Amino acid sequence: MLAHLTIVDLTDGLGEIAGRMLAQLGANVTRPDAGSHPAWNHGKATGDTEALLATADIVFRNPGRGHAALIAVNPKLIDVVIAPFLPDGPNDGRPETDLTLMARSGLMTILGDPDRAPMTMPGEQAYALAGIQGVTAALTALHARAATGKGQLVEVSAYQSAVLANYREPLTWGWTGRIGNRTGNLLIRGKSGVRQIWPCADGFVTWALVDNPPMMRAMVKAMGDAAGPLAGVDWDSILVADTPREQLLEWEHAVEAFFARHTRAELGTLSTRGGLGLSWIDSPADALASDHLRARGLWTEVDGIQLPGKLWVSSLEEQA
Amino acid sequence: MTTLPLAGVKIADFSWVGAGPRATKDMADLGADVIKIESRKRLDLGRLSPPFAGGTRDPDASTFFAITNTSKRGVTINLTDPRGVEVAKKLVAWADIVVENFSFGYMDRIGLGYDVLKAIKPDIIFVSVSVAGRKGPLGPMRGYGNSAAALSGLAHLSGWPDRDPHMPPFAYGDVVAPMFATVAMLAALDYRRVTGEGQHIDISQVEPLVHVIADQLHAQEKPGNRSPHYVPHGAFPARGVDQWIAIAVRDDAEWAKLADVAGIAGTRFTTVAGRKRHEDDLEATLATFTRRHDKRTLADKLAALGIPAEPVNDGRDVWRDPELTERGHFREITHDKLGTCDMPAPPLRFSDSAIRVGPPPNLGQHNHDIFVDLLGLSEAEVDALTQAGALA
Chain U
1 MLAHLTIVDL TDGLGEIAGR MLAQLGANVT RPDAGSHPAW NHGKATGDTE
51 ALLATADIVF RNPGRGHAAL IAVNPKLIDV VIAPFLPDGP NDGRPETDLT
101 LMARSGLMTI LGDPDRAPMT MPGEQAYALA GIQGVTAALT ALHARAATGK
151 GQLVEVSAYQ SAVLANYREP LTWGWTGRIG NRTGNLLIRG KSGVRQIWPC
201 ADGFVTWALV DNPPMMRAMV KAMGDAAGPL AGVDWDSILV ADTPREQLLE
251 WEHAVEAFFA RHTRAELGTL STRGGLGLSW IDSPADALAS DHLRARGLWT
301 EVDGIQLPGK LWVSSLEEQA
Chain B
321 MTTLPLAGVK IADFSWVGAG PRATKDMADL GADVIKIESR KRLDLGRLSP
371 PFAGGTRDPD ASTFFAITNT SKRGVTINLT DPRGVEVAKK LVAWADIVVE
421 NFSFGYMDRI GLGYDVLKAI KPDIIFVSVS VAGRKGPLGP MRGYGNSAAA
471 LSGLAHLSGW PDRDPHMPPF AYGDVVAPMF ATVAMLAALD YRRVTGEGQH
521 IDISQVEPLV HVIADQLHAQ EKPGNRSPHY VPHGAFPARG VDQWIAIAVR
571 DDAEWAKLAD VAGIAGTRFT TVAGRKRHED DLEATLATFT RRHDKRTLAD
621 KLAALGIPAE PVNDGRDVWR DPELTERGHF REITHDKLGT CDMPAPPLRF
671 SDSAIRVGPP PNLGQHNHDI FVDLLGLSEA EVDALTQAGA LA
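Chains as they are written, first to last, in our numbering: chain U, 1 to 320; chain B, 321 to 712.
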């Protein structure tokens, strides 16, 4: 899809996924080294990146070298700098890791259980989010270049990328004065909260009472006689988010008993047939063995390790 | 004067709630003309999501909807009415890109499947976002952001190693999948520029999450807050109720500085291997130091020494963070229901292009502009279709 693009990847950890994504789309991506982890670097070549900078379309890098020198040699270059903070600001140069950016973004304070410390997410999510934003930055500048003929500098803030992902908490404070904190597996919306993780006969599933009347009616129908107090709810006239927790608990007890009698597969089938919005919870091993993900061609093997390859399914593949 | 980098790109946006609209918000903030197609007959559930400006359940006053739909124009079309679909087809003919995230088969059922779109506009770029993707045995699955966390392994890997799976309290699948959709639109635009061809791109919410946890897929256990390479690496108590500081020590030199500041003596923590071997003791010892200090003051002190450290911020802290004010992360809009308020911008800065953040559309706000001025329908025709419920 993007085989016409030449890309130099000078990132070190922060932003490596950017080159990975474009390599997956067919771009010729070259790094000076193997990078930090195969997951973010397969599909890239290693080579003389300094020589390539003179003719490359895009360079992904972290702060540290001057834009002026790069653009002087290659005025059409799109120079994407992925940084913890936008350069030349109050926090320029402050030492950061993915963990500390996640902490500052407000995401950690809502992750985990109320009786323990705040948590980060698995992997390096601030770094990943910033890298994906880096691809958006690069391709947006590429679109602009088609009109102007000129490259430009685009800077990406990993901190702001994480804050953008934390779409609820700053907003909730700004509009209601409420501060969110860790609620375990209880999802707080409006004035109340709903349970999200449920044990079932052979593992766990996720489902929640939400303000989606068709989905709620579908669950009541699937539960049949086990629906109990849920059967009488007029989902169009209530706001689940503002229903008192005591009332929700009564409804959730009925759901819990129903789920406990069924396996993940049984509940998954009910959901697919009825549109319940329920999912069984897969481990990474389950995901790696998933018939569905295999059918979509997600996986590729890199040095004997199964890793995600394709970003999506395109009609271009069927044409090919 | 700088220009919007995506000026001239036209998007017919049929998407709703979060997984599609976040992608089209990106495009709109970067200059694309995004027309959001929605209906009073089947409200975008994002419009029903609190908090609401003014405190009442007004579909034009949801701040959740607002942050997800900045810079767009909006029309109401009842897609269950064939006359509405005919008007929607005129928007397809106008558009470069069509985006949708309806349930499986809906676009086909209302007569707006890819084959129809392609017949209307042969080089159309059609982007679908769904829980598990359209293709594959789980294609018909209905769900929301949590489903993606469940099926990708993210929920299983989240939370403490000794406890049940943990569902992040925000729909991370609704965050990452639309970012992939934005990339898809931009990549497809460039491919079309080079080849003249459009395409249908089928994005799953599960797969983007698999990509962002790819380095953890083969981990032997849930990581919690710990890192295999950095020790200590976690959140430690600070002075005050539920106040915490995150600290990540990347090497022995950084540890030596931290040990000096914290007054932690002894040799068993000197090396990474030693700290890893005694990690429980290390964390407990460090906590006895951190809990005596203000999270911001200590984080700034450690950062000044070159040790990565940040306060664990809450929503208020983030809202007030001078870094965000200084860098223009939140930008002021004026809206008749929301008043003058701040909305988030893309986390990008271009040297020669601009970014905008405009108000979200009220329900049907641009009906006249779009139906009459853009598509060329007569006012009488629009009135009749509106009265008949086709443009509602």
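It should be emphasised that the hints constitute simulated quantities derived from the structure, not laboratory data.
Note that the coordinates shown come from a computational prediction; the quantities given were computed from them, not determined experimentally.
Some hints here could point you the wrong way.
Claimed, not checked - Think about it this way: if two alpha-carbon atoms lie no more than 25 Å apart in a straight line, the pair counts; the simulated BS3-like pairs of lysine-lysine are:
1) K310/U - K657/B
2) K191/U - K657/B
3) K330/B - K441/B
Stated by the list, open to error - Which residues of chain U face chain B? A few of them, derived with a C-beta cut under 10 Å, are:
4) L25
5) V163
6) R296
Ideal Cβ placement from N, Cα and C applies to all residues, glycine included.
Taking the hints in turn, this is what the structure says about them:
1. K310/U - K657/B: 42 Å, violated
2. K191/U - K657/B: 21 Å, holds
3. K330/B - K441/B: 13 Å, holds
4. L25: 6 Å, holds
5. V163: Where the cut-off is 10 Å and the nearest Cβ of chain B is about 6 Å from V163/U, the hint holds.
6. R296: Hint holds; R296/U Cβ to chain B Cβ min 5 Å, cut 10 Å.
Violation of the numbered hints given earlier is confined to hint 1; every other hint is satisfied by the structure.
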